[in-house]
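Q: Take a look at the letters that make up each chain.
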Amino acid sequence: MDLHFGDGKPTDQERAAVDALLGPASSPWEGADDRSETDLRWARGGRDARERRDQLLPGLHAINDRVGWISEGALDYLCRRLTIPPADAYGVATFYAMFAVAPRPARVVHVCTDLACAVRGSAALCADLEERLGAAGATEGDVTWQQSPCLGLCERAPAALVLQAGEPASAAGRAPSPLHSGPRKAAAEVVRRRTSAVVAPATAGTVASAATAPEAAPGEPPAAMAVPQAGRPDLTLLKRVGVVDPASLDDYRAHGGYAALRRAFGIGPAEVIREVTEAGLLGRGGAAFPTGRKWQATASQPDHPHYLVCNADESEPGTFKDRVVMEGDPYALVESMTIAGYAVGAHQGYLYIRGEYPRAVARLEHAIAQARSRGFLGENVLGHGYAFDIELRRGAGAYICGEETALFNSIEGYRGEPRSKPPFPVEKGLFGKPTAANNVETLINVLPVLTMGAEAYAAVGTGTSTGPKLFCVSGSVRRPGVYELPFGAALDELLELAGRPESIRAVLLGGAAGGFVRPDETDIPLTFEGTRAAGTTLGSGVVLVIDDSVELPRILLRIAEFFRDESCGQCVPCRIGTVRQEEALHRILDRRGAEAADDVALLREVGSAMKDASICGLGQTAWNAVESAIDRLGVYAAADPERSTT
Amino acid sequence: MTAVPLQPPRRLIEFTLDGRETRVPEGSTILDACRAAGKDVPTLCEGDTLTPKNACRVCVVEVAGARTLAPACSRRAEAGMDVRTDTRRARHSRKIVLELLASSTDLSTTPRAAEWIKEYQAEPGRFGAGAARLNEAPKIDNDLYVRDYDKCIQCYKCVDACGEQWQNSFAISVAGRGFDARISTEHDAPLTDSACVFCGNCIEVCPTGALSFKSEFDMRDAGTWNESAQTETTTVCAYCGVGCNLTLHVQENEIVKVTSPHDNPVTHGNLCIKGRFGFQHVQQH
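For the record, the sequence lines run as chains U and X. Oh and the first sequence: position 511 is 511 in my numbering, straight run, nothing missing. Oh and the second sequence: position 48 is 48 in my numbering, straight run, nothing missing.
Be careful, since some hints might not be right.
Said to hold, decoys possible - DEER-style ranges, computed between Cβ atoms: (1) X/R88 <-> U/R479: 47 to 53 Å; (2) U/E427 <-> X/R88: 29 to 35 Å; (3) U/F424 <-> X/E115: 32 to 38 Å; (4) X/R112 <-> U/A138: 44 to 50 Å.
Stated by the list, open to error - Cut-off 20 Å, straight-line C-alpha distance, at most; resulting in silico cross-link-like pairs (DMTMM-like, lysine to aspartate or glutamate): (5) U/K421 <-> X/E78; (6) X/K118 <-> U/E605; (7) U/K428 <-> X/E78.
Everything labelled a hint here was simulated from the structure, so no lab data went into it. Predicted model only: the values in this text are computed from it and were never measured. Note that the Cβ used here is the ideal one computed from N, Cα and C, for glycine as well.
Taking the hints into account, I'd like the entire structure generated from these sequences.
A: Okay, structure coming up:
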């Protein structure tokens with residue numbers, strides 16, 4: 001590798017931010033200011049430095065968190081420290097929405113304009129903000145604001161997130177975990193204590209004042225406020241949310257915590273996998289793949305090491321269940337990851353969590369540190385001789401990184417572009433090694449599987465969709481929030497719980513990648529097979545209720561915008577197809593019937609090619625919701641009673 | 001005669017290609033098998049000396065039992081597979097992909113693009129006059145080559161050739177995301193300020209003419225570029241002792257560009273700045 005660096009120099013602040021993450025430069029070779037001629041004749045770093053490539057994303061975060069944007073000098077310094085070509089790192093930095101490579105104010109307000117917030121008036125909020133803070137993207141004093149994809153605060157829509165760059169309150173980095181002594185040795189990500197504020201529900205006034213003084217913004221309501229059923233005795237997955245102190249390991253243990261891990265150690269990894277398989281646990285991230293089979297396939301790979309990845313990059317518009325669980329019951333996730341790691345033979349777990357969840361990040365950082373200091377993570381978990389640790393990785397604003405192979409690329413320090421499958425992650429996943437990747441909700445289901453036993457767990461729900469399921473209900477309902485129901489409950493039952501509005505225009509199931517159902521179809525059973533039979537999907541559990549006040553074509557346009565924004569751009573059907581889809585929906589925004597027919601036909605043709613020929617699920621599903629709106633809701637059909645849907 | 005290094009023997013696997021039992025060496029892609037069987041599956045981003053990124057999706061084929069279509073260029077043939085290359089679904093996706101590409105990019109210098117657009121009856125114009133396209137002016141920041149990203153389909157071949165697969169210079173990467181993604185140097189600096197060593201290997205692999213010799217670009221601009229009047233002569237580079245093969249493209253007794261045979265086992269089409277661009281001294285009058 002023949003690297004060429006520019007002449008840019010980091011400012012002291014930028015250098016400090018990088019050094020706080022990576023430690024001081026071990027030699028002038030890595031970019032110290034006082035490099036001599038001799039230094040340039042002597043190569044250091046080499047393979048060791050290159051193997052720290054996975055520190056690129058944390059490094060970009062460190063700079064962006066401290067300064068608010070990533071300058072040429074800062075990027076150059078980070079590249080020298082990690083032996084990464086600057087063009088490569090620039091490609092990575094420009095991939096993520098939360099990073100900027102041009103100067104911008106230290107304070108950035110992200111205002112969610114996605115589905116649930118759109119239903120709850122984000123357009124009016126943006127218009128008000130424009131008067132108070134100027135146009136989106138413009139700098140007013142020390143603040144800029146921008147529209148943002150779903151912030152995962154749908155139960156409190158409309159939502160805004162204020163991020164302020166600056167010095168961390170405590171400059172001391174977290175000590176590297178003892179297990180990080182292999183090639184992936186890395187200083188753990190510095191705990192950020194810069195100010196951020198979540199404003200939800202937001203008004204122009206509360207957003208503007210939080211933008212001026214985020215430190216003075218009122219705190220968020222407890223996570224349990226998002227769980228209308230909190231405290232009910234029949235809850236399984238949510239039973240501790242609002243009951244335990246999310247900061248206390250002892251409180252977690254007092255509420256049944258770590259019983260499942262003890263049982264796992266008692267029966268051994270093979271039996272854990274057998275229980276999970278017999279329990280019929282299906283992945284809750286959207287794909288509904290049998291978890292036991294995934295674990296078995298990973299565990300049986302001869303190649304080592306094995307990795308466990310928890311996918312907490314919950315970015316599907318309308319989805320917020322993982323956030324509520326992570327904020328309200330963080331130790332449950334730590335324990336589940338430990339069990340999963342034990343089952344698949346991994347000694348290192350990565351928790352990839354979206355960057356827009358500051359409170360969940362903080363709670364999990366704390367929980368992991370506590371678990372480590374108390375022997376629930378580390379060289380010898382609970383004295384059973386099993387070594388396991390968890391590294392938390394923050395995403396930086398890219399929906400596509402929820403795709404498992406894109407997530408691996410993101411952790412490894414590459415652009416979050418999906419890889420072609422095969423090979424599948426169980427064979428070649430993170431760092432090219434066998435990897436089990438599971439969603440947060442999937443993992444926490446392992447706790448009841450082990451404490452109840454496979455048989456009792458499988459008795460909950462239906463024959464093929466077993467166990468409890470979390471649903472994220474938002475939009476025009478009286479009590480939006482995360483609901484837990486056993487699989488098999490009808491959509492009606494969920495709507496009753498959440499407070500059905502007087503008139504429903506449509507319900508979006510499964511999020512932007514999901515599909516719409518009509519108000520006369522709300523007897524659909526909420527199971528994987530039931531929704532499939534009805535020609536829709538459960539996806540990640542989104543139930544977005546749209547009442548008559550909402551115009552569907554505008555919601556469809558927002559969905560199209562979302563996919564166009566979030567396409568990674570790697571393959572042609574998705575990169576250009578999502579643009580053509582948005583253009584066509586723009587054209588027919590106010591047209592119906594024959595006037596819209598040509599564009600509807602065009603949408604169908606482009607949509608089917610996106611579905612068939614895209615590399616990953618993003619492109620493959622980008623047309624689902626629009627298609628279902630056309631076919632099931634007749635959204636562009638002529639207004640006459642004899643509705644034509646083509 | 002070109003020496004071909006022998007590889008260890010490979011097992012043959014059997015699968016069905018368009019209803020016909022086919023045997024190919026293990027590790028072959030579906031595209032390899034198609035070519036061996038004399039089938040013409042279109043592809044833009046596949047390269048004979050690079051690992052395909054399967055980004056263009058023109059070569060998609062239908063594999064029985066699969067939910068989606070598979071890229072023939074990178075999906076390996078597996079025993080028992082049932083592959084159809086010319087189904088309605090596959091043809092439809094190819095047609096749409098060609099329409100999407102041609103509506104957003106200038107494919108005028110992409111070999112065979114026009115032919116395929118005709119074959120698949122693609123109508124790039126139907127997205128309307130307002131359809132978003134790149135619309136970028138060519139980047140001319142040095143005397144050796146021009147980057148005309150209006151013609152770029154973002155196949156990643158130049159990035160791979162500049163990076164770990166060939167040159168190890170890492171001067172360019174894909175920056176940005178989605179429709180705004182572009183091949184770029186760091187902070188979009190001119191090539192002359194980047195890590196570029198001007199080997200021109202990116203031009204060698206570019207499938208669309210988005211990267212071209214300045215000489216070719218200027219001649220096209222002046223309307224004097226005439227490929228049918230060019231002769232190609234493969235010779236040995238005289239600059240050093242490695243012995244790379246050069247193919248001189250000559251029009252009206254002037255060398256207009258230099259390529260290198262990809263089947264050469266030493267260079268696989270790679271050259272250095274001297275072999276690729278140092279031809280003016282031959283034609284000093």
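Q: Would the hint linking U/K428 and X/E78 be met if the CA-CA limit is 20 Å?
A: 18 Å, holds
Q: Given the hint that X/K118 pairs with U/E605, does the C-alpha gap stay at or below 20 Å?
A: 18 Å, holds
Q: Is 47 to 53 Å right for how far apart the beta carbons of X/R88 and U/R479 are?
A: Holds, since X/R88 and U/R479 (Cβ atoms, about 48 Å apart) stay within the stated range.
Q: Does the Cβ-Cβ separation between X/R112 and U/A138 fall within 44 to 50 Å?
A: 47 Å, holds
Q: Can you tell me whether the CB distance of U/E427 to X/R88 sits inside 29 to 35 Å?
A: 33 Å, holds
Q: Does U/K421 pair with X/E78 here, judged by a C-alpha cut-off of 20 Å?
A: 14 Å, holds
Q: The hint says 32 to 38 Å between U/F424 and X/E115; measuring C-beta to C-beta, is that right?
A: 36 Å, holds
Checked against the numbered hints given earlier, the structure satisfies every one of them.
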